[in-house]
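Given next are the chains, with one letter for each unit.
Protein chains: 2
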Amino acid sequence: MRKKILIGQAGGPTAVINASLAAFVEELSHLHHISYIVNGYEGLANNNIVNGTDALHDQIIQHRNVPGACLGSGRYPSDETAIKKSLKTIMDRNVDVLVMIGGNGTMAALAQIEQLARENKYKLQVIGIPKTVDNDLGGTDHAPGFASAASYVAQSCVDNSRDLMAMNNFEQVRIIETMGRNSGWLAAASGFFTQHVSEGPHYIGLPEKSFDLEEFLEVVKSSIDKYGYCLAVVSEGVRLPNGLSRSKEVNGREVLGGVAETLKCIIEEGMGVNVRAETLGINQRCLSLDSSSIDFQEAEQCGTFAAKLLQNNITGVMVSFSRGEDSLNYMNLIDVPLRDVLAAGERKLPDEFIKDLPKYYKWLSPLIAKNHMVYPTPIIKGDVYAET
Amino acid sequence: MRKKILIGQAGGPTAVINASLAAFVEELSHLHHISYIVNGYEGLANNNIVNGTDALHDQIIQHRNVPGACLGSGRYPSDETAIKKSLKTIMDRNVDVLVMIGGNGTMAALAQIEQLARENKYKLQVIGIPKTVDNDLGGTDHAPGFASAASYVAQSCVDNSRDLMAMNNFEQVRIIETMGRNSGWLAAASGFFTQHVSEGPHYIGLPEKSFDLEEFLEVVKSSIDKYGYCLAVVSEGVRLPNGLSRSKEVNGREVLGGVAETLKCIIEEGMGVNVRAETLGINQRCLSLDSSSIDFQEAEQCGTFAAKLLQNNITGVMVSFSRGEDSLNYMNLIDVPLRDVLAAGERKLPDEFIKDLPKYYKWLSPLIAKNHMVYPTPIIKGDVYAET
Chain A
1 MRKKILIGQA
11 GGPTAVINAS
21 LAAFVEELSH
31 LHHISYIVNG
41 YEGLANNNIV
51 NGTDALHDQI
61 IQHRNVPGAC
71 LGSGRYPSDE
81 TAIKKSLKTI
91 MDRNVDVLVM
101 IGGNGTMAAL
111 AQIEQLAREN
121 KYKLQVIGIP
131 KTVDNDLGGT
141 DHAPGFASAA
151 SYVAQSCVDN
161 SRDLMAMNNF
171 EQVRIIETMG
181 RNSGWLAAAS
191 GFFTQHVSEG
201 PHYIGLPEKS
211 FDLEEFLEVV
221 KSSIDKYGYC
231 LAVVSEGVRL
241 PNGLSRSKEV
251 NGREVLGGVA
261 ETLKCIIEEG
271 MGVNVRAETL
281 GINQRCLSLD
291 SSSIDFQEAE
301 QCGTFAAKLL
311 QNNITGVMVS
321 FSRGEDSLNY
331 MNLIDVPLRD
341 VLAAGERKLP
351 DEFIKDLPKY
361 YKWLSPLIAK
371 NHMVYPTPII
381 KGDVYAET
Chain B
1 MRKKILIGQA
11 GGPTAVINAS
21 LAAFVEELSH
31 LHHISYIVNG
41 YEGLANNNIV
51 NGTDALHDQI
61 IQHRNVPGAC
71 LGSGRYPSDE
81 TAIKKSLKTI
91 MDRNVDVLVM
101 IGGNGTMAAL
111 AQIEQLAREN
121 KYKLQVIGIP
131 KTVDNDLGGT
141 DHAPGFASAA
151 SYVAQSCVDN
161 SRDLMAMNNF
171 EQVRIIETMG
181 RNSGWLAAAS
191 GFFTQHVSEG
201 PHYIGLPEKS
211 FDLEEFLEVV
221 KSSIDKYGYC
231 LAVVSEGVRL
241 PNGLSRSKEV
251 NGREVLGGVA
261 ETLKCIIEEG
271 MGVNVRAETL
281 GINQRCLSLD
291 SSSIDFQEAE
301 QCGTFAAKLL
311 QNNITGVMVS
321 FSRGEDSLNY
331 MNLIDVPLRD
341 VLAAGERKLP
351 DEFIKDLPKY
361 YKWLSPLIAK
371 NHMVYPTPII
381 KGDVYAET
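Chains as they are written, first to last, in full-length UniProt numbering: chain A, 1 to 388; chain B, 1 to 388.
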């Protein structure tokens with residue numbers, strides 16, 4: 001049976017989200033009719049759909065390695081009205097299958113649409129393809145997009161460390177702020193490439209832990225004493241005490257950030273040292289230079305696996321990675337019910353990793369290509385030659 | 001004759017400054033005695049010198065591809081006292097040759113030390129090796145460090161553009177702030193990888209031009225009308241009118257920045273659109289992922305050429321690139337008198353490039369490796385399918 005498929009991308013783009021789309025299209029465009037949703041759920045609710053021609057399929061496949069979401073993505077509140085309008089688009093167009101590539105919010109909306117279709121006795125197959133840089137998506141070991149972002153964070157930190165140790169007569173503290181929303185996966189990845197203790201990061205602030213200002217200041221002070229500088233990493237989701245937080249709202253969605261800048265002011269006032277606040281910014285989710293090759297492959301595998309689920313008439317599921325029990329390195333592709341994804345909720349960095357970062361880095365290592373050079377021992381420590 | 005050499009690194013590090021040092025050491029460590037200055041001019045003034053052993057030479061050579069300045073660098077005001085103390089270090093140690101790797105300030109201090117040595121009838125050979133990410137160093141076509149930074153800026157902009165076009169129902173304007181101090185070379189490089197006019201940057205703010213707020217707002221508005229979003233790039237050195245500038249002083253040195261953040265506030269207040277200010281930050285000068293391979297080679301060539309000048313007893317000069325008259329692609333290594341470097345002053349982006357960016361990109365192209373993928377035509381324009 002030739003199915004009518006609608007596919008879209010939702011939420012913040014990643015460096016590899018187009019790879020999932022391209023692989024899916026390549027697999028199915030000759031078997032079924034695919035139409036594309038412009039700008040994610042907003043386009044679905046507002047019937048902003050583009051008919052898939054051979055030329056368009058080809059153009060999408062050409063976007064395989066391009067960052068950003070080539071169909072348009074964005075944020076859109078999935079309230080009751082939006083869900084109803086989305087189903088109307090689907091029913092008016094006699095759509096058989098809805099496929100969305102996205103994170104937690106995307107999967108929640110997908111489940112609501114499926115539910116409403118069922119209540120309306122409309123037969124709809126729904127499939128979710130995972131995507132997140134924050135790794136906060138439940139129901140899967142990890143999701144495409146995260147590894148590229150984690151690798152970028154880790155490389156930025158070790159390179160910033162080498163820069164900072166050279167500049168410590170001008171700048172003693174550098175605070176690097178990462179993405180991650182309410183989960184610390186990205187911030188904690190900052191030390192992944194560290195080979196020498198003096199490289200740091202000497203402090204990692206995670207949203208999962210309550211922030212202790214005194215402890216933080218103590219680490220900064222002792223690192224300066226020991227190395228001549230301090231490299232600190234904080235997640236955008238760290239909640240500062242006493243209303244110091246600078247998060248704000250844009251279109252009803254909380255936009256995090258400003259933790260590094262706030263801590264910079266606190267340190268400069270209290271310690272009389274120079275501090276730089278560095279926000280790694282959108283490059284974490286879009287810079288194509290560091291897209292992990294494994295991440296790309298996995299993003300493609302997710303698209304291909306979604307095509308297989310579609311062919312097998314599986315519905316109400318998200319594509320998911322399950323790690324082989326016998327080997328950390330072996331990833332199985334499976335499907336998990338959307339209700340399990342939702343039940344899992346926003347995924348946090350587990351305690352076992354927070355307490356044991358090397359254990360986390362072992363978990364992370366099959367996801368990140370080993371293209372990082374091993375840096376030699378630093379030569380200068382503060383203002384003295386560091387004897388090796 | 002076996003010479004006593006002192007070598008140091010000064011100013012902000014780059015991704016390739018260690019390559020110049022490594023090449024120099026590799027060339028001469030078996031012929032002369034090399035000692036190393038810790039933390040640039042501060043170390044020279046304060047007699048903070050490390051004796052060069054075979055083990056240390058090897059360790060330095062291992063830093064060839066590592067970002068940061070492995071000897072320690074930093075900022076230090078070269079006032080009369082510092083210059084006198086520097087010469088004292090040199091004379092007390094019977095140093096024959098002083099070699100410094102750095103930018104404008106480094107070369108100025110080098111010339112002052114040479115002058116003072118001459119007044120004291122102390123025979124001192126001085127050689128400068130160029131380094132800058134801002135490309136504001138006079139007396140040379142360009143300097144190592146710049147190409148890697150320019151390439152990073154250009155890649156960040158084209159990737160941010162793909163991200164922004166996917167997010168335009170959430171964020172309509174993104175303002176990217178680059179380094180460059182008072183010169184626009186880095187900011188202007190932002191469009192180097194652009195293949196499609198919709199990618200932008202739709203506006204580039206340069207320190208060489210006076211900032212026209214009305215013109216800027218007009219470009220932002222018309223880009224949003226045309227594409228659904230606007231990607232603007234501003235140099236940290238752009239001077240905003242009416243005291244809006246947010247530059248500040250750290251240790252007597254003006255630290256630029258904050259232009260993007262200020263413009264963000266102005267647009268959000270005036271236009272009712274969402275704006276993100278992105279500062280590309282220290283990764284511009286340290287991220288090893290995008291160090292242009294040509295930049296690395298040139299940094300090494302500068303170190304090797306400095307060794308040759310030393311062997312030939314040339315003094316009072318800086319290593320310099322001169323572009324072949326008959327071919328844009330051919331770079332000659334020459335030496336230029338330090339007084340000519342100083343006379344040239346802070347190097348600005350010339351008018352011919354400001355008025356004709358494609359001409360600038362032609363000039364830039366032999367410095368940047370051609371590893372950028374050609375991105376296909378964007379699929380979505382605002383909220384409609386962009387027919388090709």
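It is possible that part of the hints are untrue.
Pairs involving identical chains hold if they fit within one copy or between any two copies, as the list cannot separate such chains.
Listed next, the in silico SDA-like pairs over lysine to any residue satisfying Cα-Cα at most 20 Å (straight line) [unchecked claim]:
#: 1; residue 1: Lys264; residue 2: Ala82
#: 2; residue 1: Lys226; residue 2: Asn48
#: 3; residue 1: Lys226; residue 2: Leu124
#: 4; residue 1: Lys4; residue 2: Arg339
#: 5; residue 1: Lys88; residue 2: Asp212
#: 6; residue 1: Lys85; residue 2: His196
#: 7; residue 1: Lys381; residue 2: Asn48
#: 8; residue 1: Lys3; residue 2: Thr53
#: 9; residue 1: Lys4; residue 2: Asn48
Calculated directly from the structure, the hints in this document are not laboratory data.
Now the hints, each set against the structure:
no., hint, in the structure
1, Lys264 - Ala82, "neither (42 Å within a copy, 30 Å between copies)"
2, Lys226 - Asn48, "between (59 Å within a copy, 19 Å between copies)"
3, Lys226 - Leu124, "neither (62 Å within a copy, 37 Å between copies)"
4, Lys4 - Arg339, "neither (24 Å within a copy, 74 Å between copies)"
5, Lys88 - Asp212, "neither (50 Å within a copy, 48 Å between copies)"
6, Lys85 - His196, "neither (55 Å within a copy, 34 Å between copies)"
7, Lys381 - Asn48, "between (59 Å within a copy, 13 Å between copies)"
8, Lys3 - Thr53, "within (15 Å within a copy, 73 Å between copies)"
9, Lys4 - Asn48, "within (16 Å within a copy, 74 Å between copies)"
Checked against the numbered hints given earlier, the structure breaks hints 1, 3, 4, 5 and 6 and satisfies all the rest.
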